[in-house]
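Given next are the chains, with one letter for each unit.
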Amino acid sequence: KNQVEQSPQSLIILEGKNCTLQCNYTVSPFSNLRWYKQDTGRGPVSLTIMTFSENTKSNGRYTATLDADTKQSSLHITASQLSDSASYICVVSPYNQGGKLIFGQGTELSVKP
Amino acid sequence: DAGVIQSPRHEVTEMGQEVTLRCKPISGHNSLFWYRQTMMRGLELLIYFNNNVPIDDSGMPEDRFSAKMPNASFSTLKIQPSEPRDSAVYFCASSLGLAGGRMYFGPGTRLLVL
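Keeping their order, the protein sequence lines are chains A and B. According to this note's numbering, numbering within the first sequence proceeds without interruption in unit steps and concludes at 113. According to this note's numbering, numbering within the second sequence proceeds without interruption in unit steps and concludes at 114.
Just so you know, these hints were derived from the structure itself, not from any lab. Don't take every hint at face value.
Claimed, not checked - Computed list of lysine to aspartate or glutamate pairs in EDC-like fashion (alpha-carbon distance at most 20 Å, straight line): (1) A:K100 to B:D56; (2) B:K78 to B:E18; (3) B:K78 to B:D57; (4) A:K100 to B:E62.
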């Protein structure tokens with residue numbers, strides 16, 4: 001079983017709509033949880049980084065939440081745009097393991113006009 | 001800043017050949033990471049360096065893979081001999097620090113081994 005599970009695997013929404021992506025993790029203890037956006041053919045780009053003590057972090061239309069008790073995180077996208085079409089990856093940094101990151105498999109989001 | 005620079009962007013080679021991937025991290029970053037991405041396995045950490053020193057290479061698949069960082073502005077990942085199962089996108093990333101720093105990924109090298 002993966003230590004970082006994301007759902008759904010893929011999602012199709014209409015432009016202008018909101019959506020929420022889920023991330024469940026078993027990594028414990030952990031230093032921080034990150035969300036990345038990866039456009040097709042490009043490297044991942046960091047959206048948010050939250051430490052274990054933070055509950056929410058925003059970056060424009062992207063808002064990430066973290067519940068360390070239930071080991072769940074979500075990424076909410078508001079007023080989606082065509083350019084939001086990408087893979088969104090949840091990443092957990094285990095505590096005291098230096099630069100090691102544990103990646104989820106990603107959610108493939110497609111925003112249609 | 002130009003961001004993390006990788007070369008080549010695409011590489012097609014035949015099984016058994018040596019492949020060398022190159023990376024220039026963001027100036028001032030002291031940590032460098034090599035990742036491999038496939039559809040089946042997603043993103044996997046191969047090796048990472050801190051201050052030019054390899055810290056953890058437990059993700060390197062086997063002895064055919066080797067990585068070096070001779071100075072703060074350059075790193076290589078070498079596969080010798082290459083095999084078809086090595087076909088993947090290889091990403092280099094850099095950050096300031098290890099655990100909490102924002103990581104910046106390069107554009108990747110798409111490798112196809114025939």
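Query raised in the report: Which hints, by number, does the structure contradict?
Result: When the structure is compared with the hints, none of them turns out to be violated.
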